[in-house]
Amino acid sequence: MSDALAPEFTAFNRWLAAGELRLPWCDACRRHHWYPMPRCPHCRASDIGWRAVAGRARLYSWTEVSHRFDPRYQGPLPYIVALVEFDDAPGVRLVTNLVDTPREWLAVHLPLVADFRAAGETPPRVLFRAALTRSE
Amino acid sequence: MSTDIAIVGIGQTRPVRRADRPLRTLAVEAVQAALDDAGLDASDIDGIITDGVIMPHTVPREFIAAQFGIERGFDGGTSFGGAGNACAPELAQLAIRGGRARTVLYYFGVDWGSRAGGPYGFHDMYPAKMAFEKPYGFNAQPTYFALWARRYMHEYGMTPDDLAAVAIAHRDNALLNPLAQNRKPLTREGYYDSRLVAEPMRVADCCLISDGVGAFIMTSLERARDLRQPPVKVLASRFASEPFTGDDIFTQQREIVRVTGAHRAMEAALAEAGITRGDIDFAELYDCFTISLLVQLEDLGFCARGEAPALVRERGIGVHGGLPVNTHGGLLAHSYLLGVEHVLEAVRQLRGQAGAAQVASAEIGLVGGWSIPDYGVLLLGRDRR
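Here the protein sequences line up with chains A and B, keeping their order. Positions 1 to 136 (my numbering) are the ones given, in order, by the first sequence. Positions 1 to 385 (my numbering) are the ones given, in order, by the second sequence.
Don't read these hints as lab results, they were simulated from the structure. Beta carbons are placed, not taken as given, at the ideal position from N, Cα and C, and that holds for glycine. Keep in mind that a hint or two might mislead.
Said to hold, decoys possible - If you anchor each label on the Cβ, the simulated ranges turn out as follows:
(1) Arg117/A with Glu314/B: 22 to 28 Å
(2) Arg188/B with Gly49/A: 33 to 39 Å
(3) Arg305/B with Gly75/A: 50 to 56 Å
(4) Glu242/B with Ala131/A: 54 to 60 Å
(5) Ala304/B with Arg51/A: 15 to 21 Å
As the list claims (entries may be wrong) - To spell it out: a stretch of chain B is covered by chain A in this simulated footprint if at least three of its residues, at any positions, have a beta carbon under 8 Å from a beta carbon of chain A; those stretches are:
(6) 30-41
(7) 225-235
(8) 247-253
(9) 346-358
(10) 374-383
What the hints assert, rightly or not - A partial selection of chain B residues facing chain A, derived with a Cβ cut-off under 7 Å:
(11) Tyr120
(12) Phe122
(13) Pro135
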């Protein structure tokens with residue numbers, strides 16, 4: 001679906017394919033932001049690099065999608081779309097899918113960890129799952 | 001001394017899920033209907049405005065000018081969709097006051113009922129959405145607003161019953177309007193029978209998908225008083241926006257559940273019109289989803305944050321409620337022409353031509369138009385000479 005990726009977007013997918021989660025980092029105001037863009041949305045500087053985050057996050061909101069809105073999306077139905085906030089990149093939120101997380105656990109602030117099982121796909125995807133497992 | 005302007009003619013095609021003729025043909029029909037309604041000839045028009053994103057690729061201004069033989073001396077493009085529909089009078093007012101035009105035509109419509117990809121495909125224009133959201137199946141407006149609804153439930157204890165109340169009120173209003181696309185009565189049970197598409201959003205929480213065009217004509221109030229219809233005065237039309245893009249607005253704002261621009265546009269419009277919220281007799285608001293209608297009532301200042309469900313429950317938003325909202329059925333039940341139908345309905349209300357949906361003694365109406373991150377507030381009033 002993302003054949004014509006904007007040039008400033010490719011680094012994220014390159015890091016992700018290598019199993020690493022890196023987000024744009026502004027050297028001027030020393031903050032992460034999302035999405036990749038030419039100027040920092042906080043301070044408008046253009047000294048932007050990429051810096052790794054640990055992959056620990058909390059659930060901000062979610063939805064269980066049970067309708068195929070776009071035929072180009074071929075994943076199984078239903079699926080959970082989550083918006084997650086990183087512990088070490090405050091205010092940055094990522095759209096992702098949840099896996100291995102019981103439906104009844106879903107709640108705002110649920111602790112999550114990054115899951116790289118789909119990082120080898122085209123395009124690479126980072127998924128998230130509950131930080132605790134059932135046995136813990 | 002400033003020149004007041006008025007809306008003097010309205011026209012539209014009957015909104016349908018899938019039209020049997022092309023959008024350009026529908027646009028010509030809607031413009032002709034607006035001219036006929038005003039009792040004007042195309043040669044009276046000397047300026048054309050439409051939105052700056054959708055119409056330029058589908059029914060450009062030069063096409064309409066050429067079809068009607070309009071010699072343009074003024075040409076304007078405004079925000080796409082909702083905000084554009086509410087702020088076209090702002091541009092027309094500037095042009096007419098500045099002596100650049102005497103009589104200005106506005107038109108807007110979509111063929112998202114028959115166009116491949118429909119409203120979802122429209123968001124393909126956002127590169128970060130394509131790269132980082134659509135691969136996760138976050139690929140349609142109902143999925144964005146489902147995140148809103150879930151978060152709002154967490155913050156303020158909203159329940160699905162509160163969403164149902166909005167859907168039912170809009171359907172009840174649509175039942176009073178012969179042009180509304182969805183005139184099937186909706187009960188509470190019917191709401192819960194409606195299919196979940198992006199939990200908690202059901203089909204009944206989502207606006208329709210439509211093919212159709214609306215058009216309206218504006219000129220000076222002085223000239224309007226000599227025309228066929230009772231003039232509907234533009235009390236204020238104000239635009240406001242915030243520095244976000246269509247890419248990041250649904251995910252990166254500090255609080256995602258808010259209608260950007262609405263508060264500032266509303267305050268500017270009220271100040272310009274010299275009125276208060278209590279003077280507003282009815283409101284036609286951008287109800288793309290049940291949840292967006294609720295949050296808009298809050299950002300426009302009709303109630304405090306978290307209190308819109310109580311406003312709907314206790315004050316009522318039906319035609320005979322305490323605050324009549326979307327008296328034609330709105331985007332939820334009348335049609336999804338991104339709010340141009342809201343302007344036309346407000347004009348009908350203020351002329352006293354709204355039929356069974358007429359709000360008793362409607363003197364001042366509000367139209368709120370949203371095209372994320374832009375918002376437009378249009379305040380219209382009966383001409384009290």
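Structure-based check of all given hints:
no. : hint                               : result
1   : Arg117/A with Glu314/B: 22 to 28 Å : violated (49 Å)
2   : Arg188/B with Gly49/A: 33 to 39 Å  : violated (54 Å)
3   : Arg305/B with Gly75/A: 50 to 56 Å  : violated (35 Å)
4   : Glu242/B with Ala131/A: 54 to 60 Å : violated (34 Å)
5   : Ala304/B with Arg51/A: 15 to 21 Å  : violated (40 Å)
6   : 30-41                              : violated (count 0)
7   : 225-235                            : violated (count 0)
8   : 247-253                            : holds (count 4)
9   : 346-358                            : violated (count 0)
10  : 374-383                            : violated (count 0)
11  : Tyr120                             : holds (5 Å)
12  : Phe122                             : violated (12 Å)
13  : Pro135                             : holds (5 Å)
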